[in-house]
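Undergrad: Chain by chain, the residues run as shown.
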Amino acid sequence: MIVSECSLSLLRRQLRGAGLCIRTGPFVCRIRSRLPEIAQLLADFYGPFPLLPEAPFADIHLCIRPGWGLRRWIRPQVICQCEDQIPFYPQPRRLAPVLLEWGLNWAVANFAHWFLMVHAAVAERNGRAVILSAKAEAGKSTLCAALSLRGWRVFSDEIALIRLHDGQLVPLARPICLKGPSIELIRRQDQQGLVGPTWPDQVRRGIALVRPTAASVARMLETAPVVWVVFPEFKPGSATQWTAQSKAVAFIRLADNSFNYSLLGTSGFQTLAALLDQAQGCYKLQYSNLEEAVTWLEHLVDRSAPADLHVSSPLVD
Amino acid sequence: MSSVQGAENRLFEVLREPERMAGLDLADWDLLVRQARTARLLGRLAAQAERLGLLERLPEPVRPHLEAAARLADKHRAVMEWEIRQVQRVLGPVCQKIVLLKGAAYVAARLPPATGRLFSDLDILVPKADLTQVEQTLLAAGWEPLKLHPYDQRYYRAWMHELPPLEHRVRHTTLDVHHTILPQTGRLHPDAERLLADAPPLREKPLYILNPQDMLLHSAAHLFQDGQIGGALRDLVDMADLVRHFGQEPGFWTQLLGRARQLELARPLWYALVHLGWVFPGLVPEEVIREARPDRPPWPIRPLINLLIRRALRPELSEQDTWLGRTARLMLYIRSHWLRMPPGLLLQHFVHKTLRRWRGEETSP
Numbered sequence: 001m002i003v004s005e006c007s008l009s010l011l012r013r014q015l016r017g018a019g020l021c022i023r024t025g026p027f028v029c030r031i032r033s034r035l036p037e038i039a040q041l042l043a044d045f046y047g048p049f050p051l052l053p054e055a056p057f058a059d060i061h062l063c064i065r066p067g068w069g070l071r072r073w074i075r076p077q078v079i080c081q082c083e084d085q086i087p088f089y090p091q092p093r094r095l096a097p098v099l100l101e102w103g104l105n106w107a108v109a110n111f112a113h114w115f116l117m118v119h120a121a122v123a124e125r126n127g128r129a130v131i132l133s134a135k136a137e138a139g140k141s142t143l144c145a146a147l148s149l150r151g152w153r154v155f156s157d158e159i160a161l162i163r164l165h166d167g168q169l170v171p172l173a174r175p176i177c178l179k180g181p182s183i184e185l186i187r188r189q190d191q192q193g194l195v196g197p198t199w200p201d202q203v204r205r206g207i208a209l210v211r212p213t214a215a216s217v218a219r220m221l222e223t224a225p226v227v228w229v230v231f232p233e234f235k236p237g238s239a240t241q242w243t244a245q246s247k248a249v250a251f252i253r254l255a256d257n258s259f260n261y262s263l264l265g266t267s268g269f270q271t272l273a274a275l276l277d278q279a280q281g282c283y284k285l286q287y288s289n290l291e292e293a294v295t296w297l298e299h300l301v302d303r304s305a306p307a308d309l310h311v312s313s314p315l316v317d
Numbered sequence: 001m002s003s004v005q006g007a008e009n010r011l012f013e014v015l016r017e018p019e020r021m022a023g024l025d026l027a028d029w030d031l032l033v034r035q036a037r038t039a040r041l042l043g044r045l046a047a048q049a050e051r052l053g054l055l056e057r058l059p060e061p062v063r064p065h066l067e068a069a070a071r072l073a074d075k076h077r078a079v080m081e082w083e084i085r086q087v088q089r090v091l092g093p094v095c096q097k098i099v100l101l102k103g104a105a106y107v108a109a110r111l112p113p114a115t116g117r118l119f120s121d122l123d124i125l126v127p128k129a130d131l132t133q134v135e136q137t138l139l140a141a142g143w144e145p146l147k148l149h150p151y152d153q154r155y156y157r158a159w160m161h162e163l164p165p166l167e168h169r170v171r172h173t174t175l176d177v178h179h180t181i182l183p184q185t186g187r188l189h190p191d192a193e194r195l196l197a198d199a200p201p202l203r204e205k206p207l208y209i210l211n212p213q214d215m216l217l218h219s220a221a222h223l224f225q226d227g228q229i230g231g232a233l234r235d236l237v238d239m240a241d242l243v244r245h246f247g248q249e250p251g252f253w254t255q256l257l258g259r260a261r262q263l264e265l266a267r268p269l270w271y272a273l274v275h276l277g278w279v280f281p282g283l284v285p286e287e288v289i290r291e292a293r294p295d296r297p298p299w300p301i302r303p304l305i306n307l308l309i310r311r312a313l314r315p316e317l318s319e320q321d322t323w324l325g326r327t328a329r330l331m332l333y334i335r336s337h338w339l340r341m342p343p344g345l346l347l348q349h350f351v352h353k354t355l356r357r358w359r360g361e362e363t364s365p
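Chains as they are written, first to last, in the working numbering: chain A, 1 to 317; chain B, 1 to 365.
Bear in mind the hints are in silico, worked out from the structure with no lab data behind them. Yeah, the Cβ is synthetic: ideal placement off N, Cα and C, and Gly gets one too. Some hints here could point you the wrong way.
Facing chain A, according to a computed beta carbon distance under 7 Å, are these residues of chain B, among others [claimed, not checked]:
| id | residue |
| --- | --- |
| 1 | A27 |
| 2 | D30 |
| 3 | T38 |
| 4 | R57 |
| 5 | P61 |
| 6 | P64 |
| 7 | E67 |
| 8 | K75 |
| 9 | R77 |
| 10 | P298 |
| 11 | W299 |
| 12 | I301 |
| 13 | L317 |
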């Protein structure tokens, strides 16, 4: 059974009771909440995900609960609790969906040390995956959303899950979280209605979630080998420029962007080495035009070479 | 499915008899993994499952969680070993005696509690006379005070048993430098000179650990007098390991009580023995508990505090939490402060902290 086949009242009952279990990639998540909008949110953004009503064991336990004391009613807030920890500050209630996403990511990054985890987006086309690794604000999620609209299978916009030892990429298949002006940019290209409503937020100038495509979810247990490693950097006003990076440099950058490279010790090193051994090459990509960057990535994956775009020039390091 | 009552006993059960992990089903593990992780004991379960050759027999979805916990514990141990070496390197030339406390001692002396354990900071005990020199040396070598507020600085220096905690600028590890083991303003005053004088050396100069009795007494004082009740079950498990390990040595039990009285720690020891006996039946010899009876607290304090401690030891997840559990923790928290400072000072401290919280400043001690 999938989430969208289930009535809202049944979803709500499960959320209130022992919890509602869904599978996202390799993880079984049990979500509990007394807030009615969480059921709506799951129906809306997690429609094609498998529902596991009888799952005896969950990897991730998350509870979205109302704010403390008066903040339950006055300028209401929500709190995300993962097992016995509260990793984030309370958020305005309208951001409950975003808090759920943060919570799930936090739980994966903190507990799932049977993967090497890198701060990166991963997307795949024709069985060939690209890692887009960068720290915050480099445009990972935006690129990922644009690729998703063009039929790529998105593994994650936030955490690259790399299987230990063989370096295969494992899908997480979850909604993508967009912020600020990139929301409208993506919405303009969105013909399938994947982009959800924009929730006002002062700090991030609006937040929206992009639903994963049905194919991303249906194939979420299918891993893929990495073909290219790209370090994107969104730089306003710049031309689409790229430069090749040695695997040694890419290794250091991926390790630096990793959540648990040092924790995994030797197996972290071996896994990252295995991953880069499989990769055809690594690039640094600077862009301001999303369309061009996406075209460049498609060219890279389809033809196994960086595009010779007329507007582009190699980036001088 | 597991009831709250049954599940609560399940963590106790597998702590007592790790072999029982083999018989648990997925629903049991669903709760046990969370309880153990919250109590910071999942790495220990993983190490025991590994040692008993159980890992392969556990349900498949559970294994990666235990393996991840084991990896995390390995990392913690590696960090701890590294920090000990750094402290040894930096303080070696200026300090005759550096006594490693708690987790650091377990790691350096390869004692059973180190297995699968997580560590939050490195605690050392140095002679009070060396304190200034030690602090200056550490500051020069890359450690920085974590608490910069003048009140906090004074709080530690005038009243506590340690310097304000230090954090390494690059590695972000915390180092607590103690000159004794309980707050100076507290009710009990274990003689740090005795602790230092009787500490056995490690091979790595000038590192020492506390002697077996003192190690247990320090753990008991930390848990039952200084009231760090948050990680109560893990601390009790440390003590159980120590007792199992050192209890075999001739003279351990016979010297324990005398030493406790000498160090003014007989009361916390009594609490420790009773609760060790509660969670791990048969671990503490009956006659030892009997001999410790003169030091137990009077009625009605005794049953009340025991009830609260039992509550706090139970591995409850917040979703199963009751007002009783919350009240117990709150009362133990109040008790720990009551034991820490005389009433006048406590009031002054409370007023100061409240004012700072109102102003939105960060506070923690």
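Undergrad: Look at each hint and say if it fits the structure.
TA: Now for the hints, and whether the structure bears them out:
{"no.": "1", "hint": "A27", "result": "4 Å, holds"}
{"no.": "2", "hint": "D30", "result": "5 Å, holds"}
{"no.": "3", "hint": "T38", "result": "4 Å, holds"}
{"no.": "4", "hint": "R57", "result": "16 Å, violated"}
{"no.": "5", "hint": "P61", "result": "5 Å, holds"}
{"no.": "6", "hint": "P64", "result": "4 Å, holds"}
{"no.": "7", "hint": "E67", "result": "6 Å, holds"}
{"no.": "8", "hint": "K75", "result": "5 Å, holds"}
{"no.": "9", "hint": "R77", "result": "11 Å, violated"}
{"no.": "10", "hint": "P298", "result": "35 Å, violated"}
{"no.": "11", "hint": "W299", "result": "34 Å, violated"}
{"no.": "12", "hint": "I301", "result": "30 Å, violated"}
{"no.": "13", "hint": "L317", "result": "6 Å, holds"}
Checked against the numbered hints given earlier, the structure breaks hints 4, 9, 10, 11, 12 and satisfies all the rest.
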